[in-house]
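Asks: Sequence:
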Amino acid sequence: MNTILILYHDKCFLSACVTKIKQKYPFARIHIYPIEDFHFISHEHNQNDLIVLVENELPDSKIYLKTIKLAFQFYKKIVFFDINGRFKTLGGFLLFTFLIKKIVVFLPELILLLSGGLIYLYLIMILPFLMLFDFVFKHKQGLPEYCKYHVTYIARAHEWSGLRRRPQQLIRIAAKETKCIFFEKRLNLIEALKNPFSIFIDHSLRKRWFNFIMGGRWYENIFCVPTFYINTTGKNFGLYKLSQWLSVKINRIFYYRVGIKAEKHLLFHADVMLPNIFIQNIPKLASIYNCLDDYASYPMHNTERDTISISYRDKKYCMNSDMVLTVSDDLTNKRVKYNKHCYTVKNGVDVKFILEKMENANQRKSIFKNSHPTIGYVGGIRNHPNDKVDLDLLYYIIQNKPEWNWCFIGPGYGMEQSKIFQMKNTRFLGFIPYEDLPGLYQGIDIWMLPYNINTLTDNMSPLKLYDYLATGKPIVSTKVKQAILFREVIYIAKDSHEFLSGIELALQEKSSKQKSKERISLAMENSWHNRYDEIKNLINHLEES
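As numbered in the numbering used here, residues 3 to 547 make up the sequence shown, in order.
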C-alpha cells in the first residue's frame, strides 16, 4: 500500500483512525483532507491508493454519498472507519442500497406499508419470547407491589445513551417507584428505505434500529425503545391513515411487554412533530405535554411556512393534552390560554452525581498543556448566524485574550469552517459521555454562557446553567432571562466588552469558597428530585380537580 487518503468531516475520531492505519500500514504515506475538499484532490493520486472515510458523530449522509460516488470513479479501494474502530469495505453495501432505492421509487406507498406490516408481524411473533425473557431474568424488580401510576415519556429528539437531558433525568427518578417506558429518538421507515446508506454511516441510527429489531431493551427498571413511524407521502389519504394506524399498532406492542395498564398510565410527550394519532390512540389516564423550548424559533425553521406549521402543532398539543408543562414563565404565559392546566417546571441538575464524580477524579484533567486560565462552555454549538450562541461575541473575546485557553465541550455543527475553530487557543472536544463530564469540569476555571438575546434564548431554561452552578465555579453570561435570576452569583454582561471584563473579575474570585458554596446551594434547590416532586404535586392536583 503506497498512499492512503483519509477524509474526515470533523476531527472527533480522526486521531484514532490515523493510529489504527499506522499500525496496519506502517510504511504507507498518509494524506489527510476535509471531506468537502475531496473533489479538488480526487485526480491527484493513483487509482490503487486506499480511500478511508472517517465516521462523524453527526454525519451528513448526502455529503458522504456524494464523496463515495466520486471516489468510485477514480479509486478501486474505499473503506469506512466507524466509531468502534472498525474498517468496513463499501462496494457490496452500496450496490444493496442502490437496489433498495430503485424499488422504493418504483412503488413507494406499497413498499412502505408492506415493510411496516412485516415488522408488525415480526414483533407480534417475538413478543411471547420477550415476555418470557423478562420473567426469567426478573426485570422490573425493586418496585413496590402497588404503583399509583405507570409512566411513558416520548422524547422529541433525545437518545437514551446521548446527552442526559430533562427526559432521561426525570424518567430515571420515576423508575425508582413505577414501571416506565422511554420512547427515544424516532425511527422513520421512509427515510430508512429512501436512504439506507445512512444506516451504514450513522452509528447512532444503527444502534436504534438494532434496539428496535431486538424488541427494545431494559436499563434497570426503564424499558427503552425508539418511536417507530412509517410516514407515507400523503398523496393517497387512505394509505396515509392506514400507515398512521399501523405505526400506532407497532408502538403499542411494547406496552404489552412492559405491562402498562391504561387506567394508571401517564403519557408525557415532548415531540411537537409527532402525529396527534399517537397521543389519541395510546391508552392512558392522562397526557402531559412537555414544552421544552419555543420550537418555532429554532434556526432550522427559517421560513414562514415552517414557523406557522410548528406553532399550529404546538397549539393543538396544548389544547388536546390534560396538562402542559413548560420550562419558563414566558412559555407558560403564551400557552395558558390554550390549556388552563399549564405550569412552569424549570430544568434542574443532579448535584450529587457531579460533585461525587468531580471528587473521585483525583486530579485535574489537563485539557491544555499550559497553566493559563481555562474558560469553558458545555453544549452544542452551530456555525449559524441565528444560533443561540453569539459567535461574534466569542470571536471578540477569544481574539482579545490569545493567552487564555478556550474549551468547548459538546458537538460542533459545521464549526470546522468557522474562524473560532482555526484559532490556536481553542479546543473543541466534541461529544463527551455524560458520565465523563464531571472529570473534565475540574479542568475549567470559568464557565461562560455566551448566548444571543432572542426569542429562543429568552424562552429556554439552559441545562448547562444548573450544571455550572453545581460545580461551584464562577459563571459569566449575557443578559439571558434565566441567568439574570441568579445574578447574585453570576456575572452578567450586556455586550462583548462587559463579557470580557466579567471573565477578568471572575478569575479574581475563582478561589472564593463562600461564592462557591452559594452556587452549589442554589443548584441543590434546583435538583431534579425537587423538580420531580413538583410534577407529582401538579399531577395530584389535576387528579383532584
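Incorrect hints may have been included.
[To be verified] Below, simulated PhoX-like cross-link-like pairs (lysine-lysine); rule was C-alpha separation at most 25 angstroms, straight line:
no., residue 1, residue 2
1, Lys348, Lys496
2, Lys318, Lys354
3, Lys426, Lys336
4, Lys187, Lys79
5, Lys496, Lys421
6, Lys481, Lys348
7, Lys519, Lys354
8, Lys286, Lys251
9, Lys187, Lys251
10, Lys286, Lys318
11, Lys263, Lys251
12, Lys79, Lys348
13, Lys466, Lys517
14, Lys339, Lys538
15, Lys286, Lys342
16, Lys22, Lys209
17, Lys318, Lys178
18, Lys421, Lys371
19, Lys359, Lys317
20, Lys286, Lys371
21, Lys348, Lys466
22, Lys243, Lys317
23, Lys354, Lys336
24, Lys263, Lys286
25, Lys519, Lys336
26, Lys354, Lys517
27, Lys251, Lys178
28, Lys481, Lys426
29, Lys266, Lys286
30, Lys336, Lys348
31, Lys354, Lys317
32, Lys538, Lys263
33, Lys359, Lys481
34, Lys359, Lys318
[As the list claims (entries may be wrong)] Label pairs and their in silico Cβ distance ranges:
no., residue 1, residue 2, range
35, Leu540, Ile215, 48 to 56 angstroms
36, Ile128, Asp394, 51 to 59 angstroms
37, Lys26, Tyr314, 49 to 57 angstroms
38, Lys354, Lys209, 38 to 46 angstroms
39, Leu540, Ala194, 32 to 40 angstroms
For the record, the hints were derived by calculation from the structure and aren't laboratory data.
Computed from a predicted structure; not experimentally measured.
For every residue, glycine included, the Cβ atom is placed at its ideal position computed from N, Cα and C.
Asks: Under the criterion that the straight-line Cα-Cα distance not exceed 25 angstroms, is the pair Lys318, Lys354 satisfied?
Replies: 38 angstroms, violated
Asks: Assess, step by step, whether the Cα of Lys286 is no farther than 25 angstroms from the Cα of Lys318, and give holds or violated.
Replies: 18 angstroms, holds
Asks: Given the hint that Lys519 pairs with Lys354, test it: the Cα-Cα distance must not exceed 25 angstroms.
Replies: 14 angstroms, holds
Asks: A range of 49 to 57 angstroms was offered for this pair. Does it hold for the Cβ distance of Lys26 and Tyr314?
Replies: About 54 angstroms separates the Cβ atoms of Lys26 and Tyr314, which means 49 to 57 angstroms holds.
Asks: Regarding Ile128 and Asp394, is the given constraint of 51 to 59 angstroms on their beta-carbon distance met?
Replies: With Cβ atoms ~54 angstroms apart, the hint holds.
Asks: Can you let me know if the beta-carbon spacing of Leu540 and Ala194 is within 32 to 40 angstroms?
Replies: 38 angstroms, holds
Asks: Holds or violated: Lys266 with Lys286, Cα cutoff 25 angstroms?
Replies: 7 angstroms, holds
Asks: Take the C-alpha atoms of Lys354 and Lys317, compute the straight-line distance between them, and say whether it is at most 25 angstroms.
Replies: Violated, because 37 angstroms separates the two Cα atoms, which is more than 25 angstroms.
Asks: Hint check: Lys251 vs Lys178, CA-CA at most 25 angstroms. Holds or violated?
Replies: At roughly 28 angstroms apart (the allowed maximum being 25 angstroms), Lys178 and Lys251 break the hint.
Asks: Lys359 and Lys481 were given as a pair; does the straight-line alpha-carbon distance stay at or below 25 angstroms?
Replies: 30 angstroms, violated
Asks: Between Lys348 and Lys466, is the straight-line Cα distance small enough, at 25 angstroms or below?
Replies: 13 angstroms, holds
Asks: Between the alpha carbons of Lys421 and Lys371, is the straight-line distance 25 angstroms or under?
Replies: Distance ~22 angstroms between Lys421 and Lys371 Cα, so the pair holds.
Hint compliance for this structure: hints 2, 3, 4, 12, 17, 19, 20, 23, 25, 27, 28, 31, 33, 34, 35 and 38 are broken, all remaining hints hold.
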